[in-house]
Amino acid sequence: MKRICILITLSTLLLSACSRGPEPVLYGKDACWHCKMTIMDKRFAAEIVTAKGKIYKFDSAECMASYLAKNADLASNGKTLLLVSYYDRPGTFEDARKSVFLEDPLLQSPMGGNLAAFDSKASAKIFEKDNKGEFLGWAELLRSKQ
Amino acid sequence: MGRIITLKAMITMRSFCLKICLLLMLPITVWARTIVVAPHTAVASLQQAVNLAKNGDTIIVKASTYCSVNTIINKELTILGQGKPVLDACFKDEVVTIVSNNVTFDGFVIQNSKTGSMRDFAGIRLSKVQNVTVSNNTLQNNFFGIYLSDCNNIKVLNNHLSGSNNLENSGNGIHLWKCKEVLIRGNYVTRHRDGIYFEFAKKSTIENNLSEKNIRYGLHFMFSDDDTYLHNTFRNNGSGVAVMYTRRIKMLHNTFTQNWGGSIYGLLLKEITDAQIEGNQFIRNTTGVYMENTERITITKNEFKSNGWAVRVLASCYDNHFNENNFEGNSFDATTNGTLKENYFVNNYWDKYEGYDLNKDGIGDVPYRPISLYAQVIEQNPQSVMLMRSFIVNLMDKVERAVPSVTPETVKDEKPMMKPWKR
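Chains A and B supply the protein sequences, listed in that same order. Under the working numbering, think of the first position of the first sequence as 4, with each following residue one higher. Under the working numbering, think of the first position of the second sequence as 7, with each following residue one higher.
Each statement offered as a hint is correct.
Derived coverage of chain B by chain A (criterion: at least 3 residues anywhere in the stretch with Cβ under 8 angstroms from a Cβ of chain A; other residues may be distant): (1) 171-183; (2) 221-230; (3) 243-253; (4) 269-283.
Since the hints were derived computationally from the structure, they do not count as laboratory data. Computed from a predicted structure; not experimentally measured. Glycine is no exception: its CB is placed at the ideal position from the N, C-alpha and C atoms.
Sequences are here, hints too, so could you generate the full structure?
As structure tokens, then:
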């Protein structure tokens, strides 16, 4: 009985160590993996969790896209989690592949890409200035960086 | 006789011309008025005074506290605070917005702008203007301090900016976006996100400022070419100065000090070309200078003292020149992450140099290799830092210096100085 107990505790400990998921960004402490800038702005942060659980943090979606453009195997792997913060919900992490990106000069994102992520075109539309914005899906954004 | 008459005529002629000139100038001088703003008088707010004023007028604001919810200055005015009057936005909006050319704004306390993630609210905003001077103001507790967008020929002089030090509600102290020919001199910036921030700001000068205890960078360049910063001090910021994606920046006689922590640098250079770094002091930083993707940078006559890593040059850097610098009391003089090519070290003083000078010309006869074996080991295995200053590490380094085998062959100073450069 004792042995079984030990076995169970050990296996739960081991399994829990294997869990794969996003890690919160320490704003003001963590540096962007691509551009080395300290991540500050909760409206623009992004994160990659690889199939093996390795985490890369970025200060903006454009940095994440630029990084993935150079690491194609990571981008094409369906198991890679690609997470972005929504502009109107700072500090959240949502699936980049399902997000809508608005490119508009009004959005001064950290790397000069004028780019922000939203859950839908409707919520992005609110932040568009003078109908001059451009709406992109994730695939298009990634292609633009290649 | 005739000569005297002509002379006399000339003099009368001259004074006549002068009078005509004065007469012509009269309309301007007569009509330029001075409007005084004081509490409990007919003109009790700056906005009222601006509404009353015409181009060329002077507004004097007497000492008191005024509510200023986004006062718009849309005329060419000289606005002077007497005895530091306070303009307070009570967290409702911006404090002052200048949208006219030829404005002087001097001697105010500007405080409590609105914060929030949807807009960059500022203490003093300058939008699409030229020839404006903002001087001798104290800005406290604003989201962004002085915010310049689409401006040229602006002077920002002797202001004192203090942010909220709050991670979420701190904008940049002095923020430039798409500007040209701006002079930023004698300011003090603290408790903001970036002390001074340049994005698409060209041909500007940053001189004699002190930027300390800001959350991210003391000074930050993004896509900003042909700027110069000199005689500034960057102390105890999240990181000292970041120069990124820019060309032809001159960095002269600045002090970078006390920037401590993981991934924190005195000076961070990323994707920059043709920069000049001369006469600076890098003292007590985790990493003095960090370089990634840099080309044609000259680093001359600088002092690197008591840093963890004096310079960290990544393998992506080419054609960089380190000349006549002093390296003293650094844990590591230089490190890299791969094979370093075409980076040159000449005539530097290295306190760890143990060579000799037989011909007494002041230059060591054997080259100095700034990348130690132990630095290479740490590069591969950061945990081995715990062996620092142990006997075995010292032994390894000594052996490696005598018979180099692991450290990169190309990285060396062929002419190391025997004595530090005196300046």
